[in-house]
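Trainee: Chains A and B are the protein sequences, given in the same order. Taking the numbering used here, the leading residue of the first sequence gets 496, the next gets one more, and so forth. Taking the numbering used here, the leading residue of the second sequence gets 496, the next gets one more, and so forth.
No lab work stands behind these hints, which were simulated from the structure alone. Quick caveat, the model's predicted, so the values are computed rather than measured. There's no promise every hint is true.
Given that identical chains are not distinguished, each listed pair holds provided it fits within a single copy or across any two copies.
Unchecked claim - SDA-like mimics (lysine to any residue), calculated; alpha carbons at most 25 Å apart, straight line: (1) Lys760 to Ile620; (2) Lys744 to Leu575; (3) Lys781 to Thr641; (4) Lys566 to Lys781; (5) Lys744 to Pro576; (6) Lys744 to Thr676; (7) Lys566 to Gly551; (8) Lys760 to Asp541.
2 protein chains.
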Amino acid sequence: MLVVQSDAHRSHQPREIISRGQAIPHWEVASRADALLSAVKTGGHDLRPPVAHGLGPIEAIHDTGYLEFLKTAWSRWQELPDPTPYVHPYAQPNRRMTGLPTGIQGQAGYYMATNSAPIAEGTWIASLASADIALTAASALLSGETAAYALCRPPGHHAFSDLAGGFCYLNNIAIAASHLTQRWPQLAILDIDVHHGNGTQSIFYERNDVLFVSLHGDPSDYFPFFAGYADETGSGLGANKNLNLPLPKGAGDAEFLVALEVALKKIRDHKPGALLVSLGFDGFEKDPIGCLKITNACFGEIARRVSALELPTLLVQEGGYDVPSLESNLSSFLDGFNN
Amino acid sequence: MLVVQSDAHRSHQPREIISRGQAIPHWEVASRADALLSAVKTGGHDLRPPVAHGLGPIEAIHDTGYLEFLKTAWSRWQELPDPTPYVHPYAQPNRRMTGLPTGIQGQAGYYMATNSAPIAEGTWIASLASADIALTAASALLSGETAAYALCRPPGHHAFSDLAGGFCYLNNIAIAASHLTQRWPQLAILDIDVHHGNGTQSIFYERNDVLFVSLHGDPSDYFPFFAGYADETGSGLGANKNLNLPLPKGAGDAEFLVALEVALKKIRDHKPGALLVSLGFDGFEKDPIGCLKITNACFGEIARRVSALELPTLLVQEGGYDVPSLESNLSSFLDGFNN
Chain A
496 MLVVQSDAHR SHQPREIISR GQAIPHWEVA SRADALLSAV KTGGHDLRPP
546 VAHGLGPIEA IHDTGYLEFL KTAWSRWQEL PDPTPYVHPY AQPNRRMTGL
596 PTGIQGQAGY YMATNSAPIA EGTWIASLAS ADIALTAASA LLSGETAAYA
646 LCRPPGHHAF SDLAGGFCYL NNIAIAASHL TQRWPQLAIL DIDVHHGNGT
696 QSIFYERNDV LFVSLHGDPS DYFPFFAGYA DETGSGLGAN KNLNLPLPKG
746 AGDAEFLVAL EVALKKIRDH KPGALLVSLG FDGFEKDPIG CLKITNACFG
796 EIARRVSALE LPTLLVQEGG YDVPSLESNL SSFLDGFNN
Chain B
496 MLVVQSDAHR SHQPREIISR GQAIPHWEVA SRADALLSAV KTGGHDLRPP
546 VAHGLGPIEA IHDTGYLEFL KTAWSRWQEL PDPTPYVHPY AQPNRRMTGL
596 PTGIQGQAGY YMATNSAPIA EGTWIASLAS ADIALTAASA LLSGETAAYA
646 LCRPPGHHAF SDLAGGFCYL NNIAIAASHL TQRWPQLAIL DIDVHHGNGT
696 QSIFYERNDV LFVSLHGDPS DYFPFFAGYA DETGSGLGAN KNLNLPLPKG
746 AGDAEFLVAL EVALKKIRDH KPGALLVSLG FDGFEKDPIG CLKITNACFG
796 EIARRVSALE LPTLLVQEGG YDVPSLESNL SSFLDGFNN
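Isolated chain A (complex conformation) (with noise of 0.2 Å):
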């Protein structure tokens, strides 16, 4: 399989998260992504540098001013007094004010979500990256290839038009989904991250062209929290164009395929030119961070189904944290796809 992928994400490490409070340690690491490319070498892929695609594509999903925040923020924070190492929200309007802050502390709470997307001094520069590879693989497709893998690091479905949060800044599938619009008139999204994609449902929760499924541990107390639920079905043109299949915590393989079949119908149903898959790995049994019991060999049989949809495909990189399991679920993964 054409694979697309770059160091640059090395220019993003913040080493820690605010969880429940208190510092710790992040868990989207750069090794993850070693780990990731080890599997493409070892599986013989045919492997690529991604080719920068300029700020259009990006523009096309992203505010205006919440990209010029990614950019500038790192240099901005270090102007405070006693600046932290990262950039952090710590007062957010939530639902009930609007007002947009002139001043960096200010716009930190209204441009991010969470506590888990804290802005390093190379953040922007490896969340460009990590969009030109999803447009680097999306441009294969274009041009005929019929499937395609993007590594991606930064992850991206929980970034929104205009927010930051859970490990992510720019949506690098939404980005890909809106480039290969210019080809295909009807796309589908399926996210597979334990995650729901509350950022990726948002952008297209109001469009009838980009179908968005997505499977996940159940929201009530699982991150994202707020987004996921079964009864956000899209609205307006997008009325119908979201399908939320929230897991109970611990599901396993039987239950995840059981839903997966669900996805594939609703898929077939909207009768899409291309398939984009947020491919994420933290559905594992081992994951730290996961609340799903899938094995190995599911991730292959997932695989599996997906490819029998027969669809032009690209495979987008989102989440996936205990790294010494990534290789070989990557393995799993690919090798079921391509058979």
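Could you slot chain B onto chain A? The hints should help.
Mentor: Using the frame of chain A, we list chain B on its own:
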């Protein structure tokens, strides 16, 4: 002057808040109340304990789901694996998601706007007592007192109907105002804390019976960041019943008193039956988290001008964090008010 106070606030003493991604010592400490009480005792005021008013007047302002959260949050948080000492939000809906999760970690984000309103074991008890202090002082006005001072701790003006934030949990002045509407159909709230009273504004934003007027540091680069702008003038029935007078960083007595005259004219024009004052001393020139340069003498002058409205007046304590100056600043205000 009649003063209502209680020692119940001592059950609420969280030691730290999260600011810019790191834990720092809490500014809103119990010794603040001790310093304020010293001024009351030195001034020979008429000190009384609060009378419990029950949940009714609180439920008139606050969402019942939020109240249940405040009451149970700390004990639910302690049931998490490796619980931290205080309830803190770390993922928030911000302006893009609306789902209400059932679990405590998600609800912390749903019901809390900032990382500066940690919930400790005794927060609920102290917050109830603080609301009862405001209610008891309000009841005294209903009984014919012309002025009363509610020595509230924790403060309240950053608390929304369904959000804690900025050291605040229950909006004491809003609860008291609601209680006073049984006698006076028109009320005015004057907020002179250095931070905009975003919670109070929000609670009365669509009401035409309670005018809200606030003098505060410009929120474009100052807490609470997302509200407090001059263009927020009320909506619906409340149109033109909200007046924000943001002051530039470093503004002193002269600028504050000019803005105060604008505020007092707006209040007179509203023809309220009674006045409530959100009384903060964090505009003081030495306040560690203030942004204005108000002098001790000016607090007396502010009080004289407010007192000249000749309205039944409820003073409700909000912020002020330079503990050594609190006694003299409150003395200056109370002396000015009575002269």
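Trainee: Give a verdict on every hint.
Mentor: For each hint, the structure was consulted:
Within a single copy, Lys760 and Ile620 get their C-alpha atoms no closer than 38 Å, and across copies no closer than 53 Å, so neither meets the 25 Å cut-off. In this homomeric assembly, Lys744 and Leu575 come within 25 Å of each other (Cα to Cα) only across copies, at 15 Å, whereas the closest approach inside a single copy is 42 Å. In this assembly of identical chains, the alpha carbons of Lys781 and Thr641 never lie at most 25 Å apart, being 32 Å within a copy and 67 Å across copies at closest. Neither within a single protomer nor between protomers do Lys566 and Lys781 lie at most 25 Å apart by alpha-carbon distance, with minima of 35 Å and 35 Å respectively.
With identical chains, the CA atoms of Lys744 and Pro576 are at most 25 Å apart between copies only, with a shortest distance of 16 Å across copies and 44 Å within one. In this homomeric assembly, Lys744 and Thr676 never come within 25 Å of each other (Cα to Cα): the closest approach is 35 Å inside a single copy and 48 Å across copies. Only within a single protomer do Lys566 and Gly551 lie at most 25 Å apart by alpha-carbon distance; the minimum there is 15 Å, versus 49 Å between protomers. For the identical chains of this complex, Lys760 and Asp541 are neighbours neither inside a copy (31 Å) nor across copies (74 Å), given an alpha-carbon limit of 25 Å.
When each numbered hint is compared with the structure, violations occur for hints 1, 3, 4, 6, 8.
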